[in-house]
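Novice: Given the coordinates of chain A, assemble chains B, C, D, E and F onto it according to the supplied hints.
Protein chains in written order, with the numbering used here: chain A, 1 to 341; chain B, 342 to 682; chain C, 683 to 1023; chain D, 1024 to 1364; chain E, 1365 to 1705; chain F, 1706 to 2046.
No wet-lab data here; the hints were simulated from the structure. The C-beta atom is built at its ideal place from N, Cα and C for all residues, glycine as well. Hints may be right or wrong, so weigh each one.
Said to hold, decoys possible - Partial selection, computed: residues in chain B whose CB lies under 10 Å from chain C:
| id | residue |
| --- | --- |
| 1 | R363 |
| 2 | N441 |
| 3 | V444 |
Said to hold, decoys possible - Subject to a maximum C-alpha distance of 35 Å in a straight line, what follows is the list of computed DSBU-like cross-link-like pairs (lysine-lysine):
| id | chain 1 | residue 1 | chain 2 | residue 2 |
| --- | --- | --- | --- | --- |
| 4 | F | K1927 | E | K1615 |
| 5 | F | K1931 | A | K68 |
| 6 | D | K1212 | D | K1201 |
| 7 | F | K1773 | B | K665 |
| 8 | B | K345 | D | K1027 |
| 9 | C | K840 | C | K908 |
| 10 | A | K324 | D | K1027 |
| 11 | D | K1251 | E | K1702 |
| 12 | C | K891 | F | K2043 |
| 13 | E | K1615 | E | K1573 |
| 14 | B | K516 | A | K172 |
| 15 | A | K68 | D | K1361 |
| 16 | F | K1709 | E | K1432 |
| 17 | A | K4 | C | K750 |
| 18 | A | K158 | A | K127 |
| 19 | C | K1006 | B | K516 |
| 20 | B | K491 | C | K1020 |
| 21 | D | K1150 | B | K665 |
| 22 | E | K1573 | D | K1232 |
| 23 | C | K904 | C | K933 |
| 24 | E | K1432 | A | K338 |
| 25 | C | K1020 | B | K562 |
| 26 | B | K679 | E | K1573 |
| 27 | A | K226 | D | K1361 |
As the list claims (entries may be wrong) - Computed Cβ-Cβ distance ranges for the label pairs, DEER-style:
| id | chain 1 | residue 1 | chain 2 | residue 2 | range |
| --- | --- | --- | --- | --- | --- |
| 28 | C | E760 | E | Q1507 | 36 to 46 Å |
| 29 | B | H584 | A | R341 | 53 to 63 Å |
| 30 | A | P212 | B | R459 | 50 to 60 Å |
| 31 | A | Q116 | B | E666 | 56 to 66 Å |
Number of protein chains: 6
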Amino acid sequence: MVHKVVTIGEMMGRLSPPGNLRFEQANSFQIDYGGGEFNVSASLSNYGIPTDFITAIPNNPLGNAALKVIRSFGIGDEHILRQGDRLGLYFLEHGAAGRNSNVIYDRANSSMSQIQPRTINWEIVFKDATWFHWSGITPALSQSAADVCKEAVEIASKMGLTISTDLNYRSKLWKYGKAPKQVMPDLLKYSHVILADVDTTLFMLGHQKIDPNYLDENEVKKVFQKVKNLLPNLTSIGMTYRHSVNASFQKIGGILYTDEQLYRTTIKDADPVIDRVGTGDAFMAGLLYGLLEHADDPQTAIDFATGACVLKHTIYGDINRVTKEEVFQFIHSDGSAKVSR
Amino acid sequence: MVHKVVTIGEMMGRLSPPGNLRFEQANSFQIDYGGGEFNVSASLSNYGIPTDFITAIPNNPLGNAALKVIRSFGIGDEHILRQGDRLGLYFLEHGAAGRNSNVIYDRANSSMSQIQPRTINWEIVFKDATWFHWSGITPALSQSAADVCKEAVEIASKMGLTISTDLNYRSKLWKYGKAPKQVMPDLLKYSHVILADVDTTLFMLGHQKIDPNYLDENEVKKVFQKVKNLLPNLTSIGMTYRHSVNASFQKIGGILYTDEQLYRTTIKDADPVIDRVGTGDAFMAGLLYGLLEHADDPQTAIDFATGACVLKHTIYGDINRVTKEEVFQFIHSDGSAKVSR
Amino acid sequence: MVHKVVTIGEMMGRLSPPGNLRFEQANSFQIDYGGGEFNVSASLSNYGIPTDFITAIPNNPLGNAALKVIRSFGIGDEHILRQGDRLGLYFLEHGAAGRNSNVIYDRANSSMSQIQPRTINWEIVFKDATWFHWSGITPALSQSAADVCKEAVEIASKMGLTISTDLNYRSKLWKYGKAPKQVMPDLLKYSHVILADVDTTLFMLGHQKIDPNYLDENEVKKVFQKVKNLLPNLTSIGMTYRHSVNASFQKIGGILYTDEQLYRTTIKDADPVIDRVGTGDAFMAGLLYGLLEHADDPQTAIDFATGACVLKHTIYGDINRVTKEEVFQFIHSDGSAKVSR
Amino acid sequence: MVHKVVTIGEMMGRLSPPGNLRFEQANSFQIDYGGGEFNVSASLSNYGIPTDFITAIPNNPLGNAALKVIRSFGIGDEHILRQGDRLGLYFLEHGAAGRNSNVIYDRANSSMSQIQPRTINWEIVFKDATWFHWSGITPALSQSAADVCKEAVEIASKMGLTISTDLNYRSKLWKYGKAPKQVMPDLLKYSHVILADVDTTLFMLGHQKIDPNYLDENEVKKVFQKVKNLLPNLTSIGMTYRHSVNASFQKIGGILYTDEQLYRTTIKDADPVIDRVGTGDAFMAGLLYGLLEHADDPQTAIDFATGACVLKHTIYGDINRVTKEEVFQFIHSDGSAKVSR
Amino acid sequence: MVHKVVTIGEMMGRLSPPGNLRFEQANSFQIDYGGGEFNVSASLSNYGIPTDFITAIPNNPLGNAALKVIRSFGIGDEHILRQGDRLGLYFLEHGAAGRNSNVIYDRANSSMSQIQPRTINWEIVFKDATWFHWSGITPALSQSAADVCKEAVEIASKMGLTISTDLNYRSKLWKYGKAPKQVMPDLLKYSHVILADVDTTLFMLGHQKIDPNYLDENEVKKVFQKVKNLLPNLTSIGMTYRHSVNASFQKIGGILYTDEQLYRTTIKDADPVIDRVGTGDAFMAGLLYGLLEHADDPQTAIDFATGACVLKHTIYGDINRVTKEEVFQFIHSDGSAKVSR
Amino acid sequence: MVHKVVTIGEMMGRLSPPGNLRFEQANSFQIDYGGGEFNVSASLSNYGIPTDFITAIPNNPLGNAALKVIRSFGIGDEHILRQGDRLGLYFLEHGAAGRNSNVIYDRANSSMSQIQPRTINWEIVFKDATWFHWSGITPALSQSAADVCKEAVEIASKMGLTISTDLNYRSKLWKYGKAPKQVMPDLLKYSHVILADVDTTLFMLGHQKIDPNYLDENEVKKVFQKVKNLLPNLTSIGMTYRHSVNASFQKIGGILYTDEQLYRTTIKDADPVIDRVGTGDAFMAGLLYGLLEHADDPQTAIDFATGACVLKHTIYGDINRVTKEEVFQFIHSDGSAKVSR
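Bound conformation, chain A alone (with noise of 0.2 Å):
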């Protein structure tokens, strides 16, 4: 079956001091391209996987330059509108050892936090799909962006499509008068996949904290169950287990829970981090990639996730450039990693 995924989320300018200096050592700033659903978007590309982006981008040099690379993974852009004031900015510092990345969003007033409903008309943009992924941050963004998830995610059950949904809650957004539990359990209710852990599902579904033992499999697979049935349409819940050593050297696994079993990776280390950034969405990808080409074998869907999130650690960007072989490849190794040549 060919499958197409329609993603919606921001495109951002992202503004980063070279190697490991401060922001007020550097004379130039890398600048780069992405954004959480994105980043997903360029993923599944790379995997060979038809996808379509939609968001908002202003029409102005900094603009097209974004949409050169939405282009250049081959993403369909048909949908994509330009308007608005300005693509939304971050600034990114790379931590090392004990000192912490640092992100300053620069994000207000950008294109796509003034989408609005009814300019996306879905009935075409879902045409051909069979999947659509959004995430916790285009509804942060405003109230017109939050709307504008509303009617596609009705307007995609309605049709027939899976819905995933990375919850990725970030405190810092979420400013224009509403809490996620006042906006999200009505968008989440579609939603057939999630990927999160279990304290920001329920506290965006506005329960209490449980603080579970992942390591206690009973239960994991307990409070696992306890979030599903929160959800009328969730098949699926898919989370990285992180253990941050240092800035510089991260131990990834992850955890799928689906068809009311647990599948779990073995830890993996990343040492050292070229990049912490967009990890997340690679394994959200990775899982993706994982349930559309895998359906029947959720243990390859949920290595092939952890192996390329751990994989993106080491590519510099929001973007997890890497092949399907290249994951393939690197679950199936010991990681030695030995020149190719």
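Specialist: Relative to the frame of chain A, chains B, C, D, E and F by itself:
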């Protein structure tokens, strides 16, 4: 006599592709910090004139970086406000030959545009100062920024400071619902020195353009006198005479009208142009220096201003990084610019 | 009417020392991707004309990188072949003043030179297309590449497409045992539009050079008519009139002969030259745009072509990264190229 | 209480191949400006402590560049001398793993080494100051520089300032005919706080090394007490405990002996090391900050010093570009250094 | 005794994205020049051993650039051929952690692969030489290159030179229709010293693999003896023992079998790895140096070889830019690599 | 006849901000190695003339880096001394248009200034040589360097070498207590060829300036003859005629007076100037080449010298990286410098 000049203005981050690359080609942007009125302070500081800069910058690492640049010139930073949402940005693409440089402003909702009246104690700011300089950019940012200008010129006037203004009309600003003619007359009536061509001044004061022939000395005198008559405190008008052959080749002269006398310079070539931005500010600062230190020699004042402006075309960035000795050496030379060794 | 242009050509990696360094001084080479006919497609895409590009690139990461550039312009890549041994390369050293730029070709045995007839289904490729563009470089690569050109022009002609050709003679190619006059007449006979000076055309058709005086309008008309008589389908001949003052200063005009009328432009200066390579392709693309969108106004067509060519001299890389609005603005301006802000 | 710290030292230009290149591989050197005692002032300024820096730098553009860096931190530059022949330089090659970093000093005949007694009016310099900091580098430069140290400590002592000293023994200095033991005792007798290991102190005072076991708390107390007994004004001794696993991996702890009590920190990892240089100065500055602002809490003082030192390993250049909030966050964290967003 | 070593091999251009970027992310490639056997000559030259390098490079500016690198080491270039079509190239992407480095060879039809027998006068080349070194790469390039090897080893043998060989099996080469076992036995029979693991040697000689346990000293001795018995002139076998933890972390030991004795080193860590390429060549050169200058002390020879190899992991580029003093310092140290200042 | 030229001089490190940045703007400096007389050797080597370079450089990694550059040109390095305290440095800021380039010398106490007589065995150095070249810089460094020049010219003269001298007066040197006229006459009396304008020569010989009009051919002949009469062995005088329009635009001609005949070239434009430094050395080397290889054709000699000088303005760094073919192509061309492809 010891002079001290206070300036007010916005400090921005400037992001620019290296060399002559277009925005979409760059994978890094040069980052510099500057702004029209700050550039004047920086030049004055380079010439040995004490100066204080008034602005508002956000309390984040980008604000810190901007502050470090301000301090590096030995400019007084005591009254700088650390507040507001963001550092104003602008993106600059350097043109060449027949392709123009292009600026994308991204300064809406900057800390400086959010500045409020009654936050700066102007009596203290102006205590040891003899001169106050502002430009037409600040009142173009927002109503509150215009109000801050108003209180500054009123108090400066009351305290007996000389007031200078670069009219600096930018059509892309003035977005908050007022036209220049509704705001500027009340501010400009306090100015003793302005930098502007005749028609910009008339436009800002709500009069008709007259398109004078600047090569006809009698006509120029007459129109400058006309401008002078409109502003009660005005004593001097400075103007750059610029012929843009193309983006890489500019011809520059200067005109000073003071004491009802006209002073002109020869026309000098700037070829090739390293950076066009900030050359007007360099002229303004040179004129201030000339009027402060060579008050009795208007020809030297306008020669210095013009020389500073021409040299600025050879300096990368917003700021005119030259000493007064370099400016004097240039205006006394034949322009041959032999290697000094 | 909606046009769609199909082009065929080689996509190469271009390796170039930074700035004006000589090869031996560089410890890095800029890498760009382009090629004469691709450059035409990229320009057309920038002007809003749909276009498909046909080529063969290797199935390795360098081929992927080249493909990403193709896609980034929104150019159709559906029929691109991923096969063969290597991506063609060329090394470019940028000259200055009296020192010429230098190209070292390293394109032998490239994927494109290995392309074979009957691998591309031209009926499908040309289904929605109205125009086919090829250049004299492709038949110069190898016998099989010349054969592919042959089958393309035959089918394009049969399907009623307009055919254009940039003669692009490169003496360092044509190494496979055939001279241009053995190959080109059979291909050029289908062309409706060619870009070439008179003597290159005569040479490729196996005739004697006549060295016309391009400043004598009557003589020019006569010789163009002579060329036209040699090619049965020809309707239009375009030509750049170029005076190379030195490597950093070029003077450019354009000539279009169509409907037995001669259209000329004024001569424009390109000073300084940022990148000389690809300026002929920029002219070709501008001419196509003009003939497509201003078919009834040959003067606008040739003005546009010439303006596009002059502007290309200010753009780094092979590709003319300008919009049609920028070209029109330039040809309607005095070239003063003031900062847009 | 408001503190003000005066430091004296040399400001140098540091020239360093990019990344891990060896000197012979570089076609550019990073240029940074710093110096042991200046680095202390810069840190203190970052922590909000007013500080004045005393040095001599040449009156040329390189001196100007160094001065701009000094000023950028808001450090008082009023008493800096602009005189002498040259800015001291050092060349730094960054090692990695088993290859050590390498320093080539090129600081002979620098402006600072040519400084003369009776050129600085110490009564004025120390007027508002509460603390004077110097290091063992200045008296190692030249007899006249040692003499300037002498007059400074005598006057500081007379005026009641607290005096601190980083012993900083560098065997490649001390070339002017005197051994440390001939110079240092007369200077150190005024110090209240020193930073040094036991044997360096004994060596500088002309005593035998005793090679203490720093892991034996009783022994450490005893030997520190022995050192204390040799210096009449001494109240506190700080020391970094460093284990160099290799050039890219350092383990760091801190020891403070004060009021006859010993305070230790846990050992923290710096892995990977971005820049090893200036980490001792970061410790010194952290210790001063701790003793100034947490005078009654020696454990916090030494924790802060150690945290500042560990974080400095992640900062490129000589200077510890961290805020006190960042140091406190680090010492109170588990070192996981998660992205802040 | 004065030694002089002659080596033969291909000199290539190496093009590599900066840092850890993937090919498609780079807008520049670092350019370095090197090649397995040249790297050996360069190391020997660094250690003070006179050496001549034999190769063929094209007579164009890229060949000139490669030649300048050869000369810069003081390597004899008198017999280098300037002929053929192109400089061999390879593209190298640096991996990190679990992502491997990737090499794309682009060396077909290089000048060196086109080298012909009877073009080099080996009697003259070997006149003052005592040692000849070649590797398994040259006979893998082409039949004619294998033939040149053949004539070289025959004459070297006749003239009494010691002959060493790095077996260097690369499966991506050997494309000209012969398998190693058809070519190598006739060449290897002259070798006195080889660098290879046991199974590579057996494979090249047409024998079955035996997969020895290198941790079992008796077994190792036995299998090395078996290899020795297959090659009539062999006296010494060197081998690197490498454990690749991941692309950024390698563990390295060395084994030397000579005079029927086995010499081993401790295992050393290379963490982080700056450049993995050329580390085998560094080992080979270190072994040659050891056998030349410490002929009577095999333990020092293998310690030196291993130390040189470990240090090479910290040096960017193909070439091991270390002195013999640095190698000895490293092998006699605890690896703490403290800053030298 | 086979020529071999020996030169003596200082090899320096040159540190230069990228592009047209001022010193204070740079966070890196380009590092290049060169020096007036070395630049002559490098050019001669590029033209195929064997050459040996005599200098003293420190025995440290910076000296090694300089040595690698010397060797890379195939210049004989057998007699280079590795001794002394430091590599001489100079800092170069590139001007543009009306802003001059600026040099800060930092070469005091360099290894070369510390060179001592009787350390170089000139009889061996000159054994196979036919020509000795020195410049006025070496005797300006120190008394001992002047003494070394003296012993060199005496022995060269005795051994029958042709001696050439570039007078190269630099007022910032000559700091050791002697004026040029006290030192130079004794050295210049051996010279057969000098490069200098008339007044520099007269000044160095202790005569009055006469400020000749170089456009009056008779006057020029007369004054050159006057100079010739002052130096007993002189046969040829070369001189560059330079008009500096500004830092980016130079006009260059050449004059050669030999056999009592005057040879002049046309004036050529260098616009834009990439690097002004080393253009005099390029002229000197071109003149030597011309006198060596075209001894019977003085017009070709001076044309070559001037062409080499003009081309040098397009080459970054001190060294004229052009071949003799390129110089001849340039002097025989119209300067149009079309792309070679």
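Novice: Would the hint linking F/K1931 and A/K68 be met if the CA-CA limit is 35 Å?
Specialist: 70 Å, violated
Novice: Hinted pair, alpha-carbon criterion (35 Å max): C/K1020, B/K562. Please report holds or violated.
Specialist: Holds, at about 27 Å.
Novice: Between the alpha carbons of F/K1709 and E/K1432, is the straight-line distance 35 Å or under?
Specialist: Since the Cα atoms of F/K1709 and E/K1432 sit roughly 20 Å apart, the hinted pair holds (cutoff 35 Å).
Novice: Taking only the CA atoms, is the gap from C/K904 to C/K933 under or equal to 35 Å?
Specialist: Roughly 25 Å separates the two Cα atoms, so the pair holds.
Novice: Starting from the hint 36 to 46 Å, judge whether the C-beta atoms of C/E760 and E/Q1507 obey it.
Specialist: 42 Å, holds
Novice: For the pair supplied as a hint, A/K68 and D/K1361, is the alpha-carbon distance within the 35 Å limit?
Specialist: 32 Å, holds
Novice: Could you grab the alpha-carbon distance between B/K345 and D/K1027 and see if it respects the 35 Å cut-off?
Specialist: 26 Å, holds
Novice: Regarding the pair B/K679 and E/K1573, is the alpha-carbon distance no greater than 35 Å?
Specialist: Not satisfied, since the Cα-Cα distance of roughly 72 Å exceeds 35 Å.
Novice: Is the hint on B/R363 kept, meaning its closest Cβ partner in chain C is under 10 Å away?
Specialist: Cβ of B/R363 sits 5 Å from chain C, so the hint holds.
Novice: Regarding the hint that B/V444 lies at the interface with chain C, is the smallest CB-CB distance below 10 Å?
Specialist: Hint on B/V444: holds, closest Cβ of chain C at ~4 Å, below 10 Å.
Novice: Given the hint that B/K516 pairs with A/K172, does the C-alpha gap stay at or below 35 Å?
Specialist: Within the cut-off at roughly 28 Å; holds.
Novice: With 50 to 60 Å as the target window, see if A/P212 and B/R459 comply at their CB atoms.
Specialist: 53 Å, holds
Going down the numbered hints, you'll see the structure goes against 4, 5, 7, 10, 22, 26, while the others check out.
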